[in-house]
Amino acid sequence: MMQLPVLDETAVQIIATIVKFLVVLVGVLHIPPVMIWVERRVPALMQRRRGPNRVGFFKWRLWGLLQTLADAVKLIFKEESVPGSAYKGFFHLAPLIGLLPTLLFVSAIPFGPAIEIGGWKIPLSVIELDIGLLFILAVTGVGVYGVTLAGWASNGKFSLLGSLRASAQMISYEIPLGLSLIPLVLIYGSLNLQQLILAQSSVWKWGIFLSPISFLIFLICMFAETNRAPFDLSEGESELVAGFHTEYGSAKFALFFLGEYVAMFALSCLCSVLFFGGWQIPFVAHEQLVSLTGSVNIAALCGVMALLLKAAFFMWLYVWVRWTLPRFRYDQLMKIGWKFLLPLGLANVCVTALVLAALA
Amino acid sequence: MVEVWFFYFFAAIAVVASLGVILLRNPVAAAMLLVVTLCALAAEYVLLGAEFSAAIQVLVYAGAIVILFTFVIMMLNLGQEEVGQLAGFSKWALLLFMLGGAGVILIQRLSMGALPPGVPGGAASDNTYEVGMALFTKYLWPFELASLLILLALIASVVIARKPTFPSRDA
Amino acid sequence: MSAMVPIEHSLILAFLLFFIGAAGVLIRRNLITVLMSIELMLNSANLLFVAASRQVGNVEGQVMMSFVILIAACEAAIGLAMVIAIFRRYGNIKTEFLRALRG
Amino acid sequence: MHPYLPVLLVLSVALVIGLVMSFLSAFLGPKRPSAVKQEVFECGVAPIGSRERMSVRFYMTAILFILFDIETVFLYLWARTFKSLGWFGIVEIFLFVTILVAGYVYVLKRKALEWD
Chain B
1 MMQLPVLDET AVQIIATIVK FLVVLVGVLH IPPVMIWVER RVPALMQRRR GPNRVGFFKW
61 RLWGLLQTLA DAVKLIFKEE SVPGSAYKGF FHLAPLIGLL PTLLFVSAIP FGPAIEIGGW
121 KIPLSVIELD IGLLFILAVT GVGVYGVTLA GWASNGKFSL LGSLRASAQM ISYEIPLGLS
181 LIPLVLIYGS LNLQQLILAQ SSVWKWGIFL SPISFLIFLI CMFAETNRAP FDLSEGESEL
241 VAGFHTEYGS AKFALFFLGE YVAMFALSCL CSVLFFGGWQ IPFVAHEQLV SLTGSVNIAA
301 LCGVMALLLK AAFFMWLYVW VRWTLPRFRY DQLMKIGWKF LLPLGLANVC VTALVLAALA
Chain Y
361 MVEVWFFYFF AAIAVVASLG VILLRNPVAA AMLLVVTLCA LAAEYVLLGA EFSAAIQVLV
421 YAGAIVILFT FVIMMLNLGQ EEVGQLAGFS KWALLLFMLG GAGVILIQRL SMGALPPGVP
481 GGAASDNTYE VGMALFTKYL WPFELASLLI LLALIASVVI ARKPTFPSRD A
Chain C
532 MSAMVPIEHS LILAFLLFFI GAAGVLIRRN LITVLMSIEL MLNSANLLFV AASRQVGNVE
592 GQVMMSFVIL IAACEAAIGL AMVIAIFRRY GNIKTEFLRA LRG
Chain L
635 MHPYLPVLLV LSVALVIGLV MSFLSAFLGP KRPSAVKQEV FECGVAPIGS RERMSVRFYM
695 TAILFILFDI ETVFLYLWAR TFKSLGWFGI VEIFLFVTIL VAGYVYVLKR KALEWD
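Chains as they are written, first to last, in our numbering: chain B, 1 to 360; chain Y, 361 to 531; chain C, 532 to 634; chain L, 635 to 750.
For the record, the hints were derived by calculation from the structure and aren't laboratory data.
Small disclaimer: the values here were computed from a predicted structure and weren't measured.
Errors might be hidden in some of the hints.
Taking lysine to aspartate or glutamate and the EDC-like style, the derived pairs with C-alpha atoms no more than 16 angstroms apart in a straight line are [claimed, not checked]: (1) 339/B with 748/L; (2) 717/L with 504/Y; (3) 121/B with 9/B; (4) 665/L with 331/B; (5) 745/L with 331/B; (6) 498/Y with 726/L; (7) 121/B with 232/B; (8) 498/Y with 591/C.
Just a few of them, taken from the derived set where beta-carbon distance is under 8 angstroms, the chain L residues facing chain B [said to hold, decoys possible]: (9) 655; (10) 659; (11) 664; (12) 730; (13) 736; (14) 740; (15) 743.
Think of the CB as a built atom: it goes at the ideal place given N, C-alpha and C, for glycine as much as any other residue.
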């Protein structure tokens, strides 16, 4: 019988990290197909249309679910056309530069409490940092480069204008995003995401109840940061063709899509973590769950399910809002960001601090 | 020992990328390499146990300042032809600098180990708290003055960039 | 974390960065690249602060580092505003066109 | 394990996978370039390129972003130490924020943020 090499803590954690990341990666790779399906069928339902329902095997149509699969295959086998005037190197790198920060972002989300495998304690977040919140803000900040570079490297009118618009929008809404999270740090006193979750131990200590204004600001910024409707000016198809990815096709276009949906998922998860108690199931304490199921791991998996359900709600909200609200004008967008959300965020921070100090 | 190798790795990235910053003809490429340099330095800060510094390095430097650079480059639409050339005395200056640099590095290498070993710290831990306490107690006045600096920068940049104060030559 | 990076390594790296930045200021004609080189020099100062902070075992070096970042941000904002103003005035941003202050 | 090692691991794994994905179509797809296909898309009209210069407002936005970004970082530092500093910290940060708000009001008054 083969002798297994004795693993030390570091080796186990490194292997666990890679495995966890691959699991997350495979998970997020499934988001765009499913979400695109949702984004086609849901408006069809809302507008009393049928939506895609033709692709299928023989008579099994599966409600058009296979349509997105067909689209993905089509995208990969398309010819890749690069504009002659493009800056080639950056043109090829830009989708990747856009994708990497979002992958880092989603890796920093704690999906559940630690599980135990063979006596090793393995936390259910790929990256667990004490300054998790700052890390996420930093990563979102760097995420702007993908958009900026894509538009600039395509060297076309629409792409450049679209990318400038998109990046100006993203940086404008990063400030209120950052400000909206400060009250939570004030209340819970930590920057570590796992500790922020643990601090919201009961439903009434959830972020949304303790700091509702923060939630409002965060929600608006969530839509703006991902360039989604009603803030999707950067790809307003009636004026800018498609915005920063006008010149992109085939697999690189798919990468942009992936990046956008991963960012949406990551922000939805972050919203659930900060305002809705993360992986904690409402009204059921984690210890109760452990004693009920008799296993730490099963309880942890329940937690993961809870977080994913909460995140799924926000993903649904993205679609819902997209087909409900009309698009803002660019001046309105900037006005909301700088003249409404920024003062509101600052006032929110100040008021929270005053109330906390008065209560202490 | 592993840490030292990581330090060398990121140091190499930082040096090569910063050479690219000053030598490349394309300004956007230079800006992107500046981002690489900054991120490599952030990694060095993590190795030095300065977690908070690393975070603001990426958050403010890579995520905000260089974005301003890229915006200006894209706004003025600087092509390669407008940015390429080196100044006239470049070769001699470069040579002199290289010589001086080699000399100082030699001195550095010779004096290696002359400094006392530092205070051993823990792994990168949450030092945000300590930085904050130092900033808000001992460095209270510099901190308040810093806000005045930001105010000045805000006003100055609005005044300078907003409108041409005198007629443009080529208009 | 028993092993620690000796401060000499940081000193050499900081020196190299400062050197490259200074070379950039001297040899480039383009104002934007000159500003980027200045950022490199500021970063070398930052590295020194952080390394020294590690060496003496307190966080004041990091406080200084955050002040330096603040100054760098203000410098970049005003510097680039001037670049834009110069561009409007002269139509390009090469340093040799800036002779107004030369006698 | 160093807490930042996962960052490096994630970055390298993601880089490899991302590179493979982004060069997938270069191997799989057909390659039939033509002069017209390689033009940038400008709604079918002969392209005139992107040699126009952009509005200075984008720059204004970026400047404001930098300065408020720094402010946010300092606010995070304060939020982290809020429980120890108490009222003292509040007075300090209110002074800081007031000075910045003065700058913000100035920018509004100069209409540097108007997008018309």
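- Go through the numbered hints given earlier and state which of them the structure violates, listing their numbers in rising order. 2, 4, 7, 12, 13, 14 and 15
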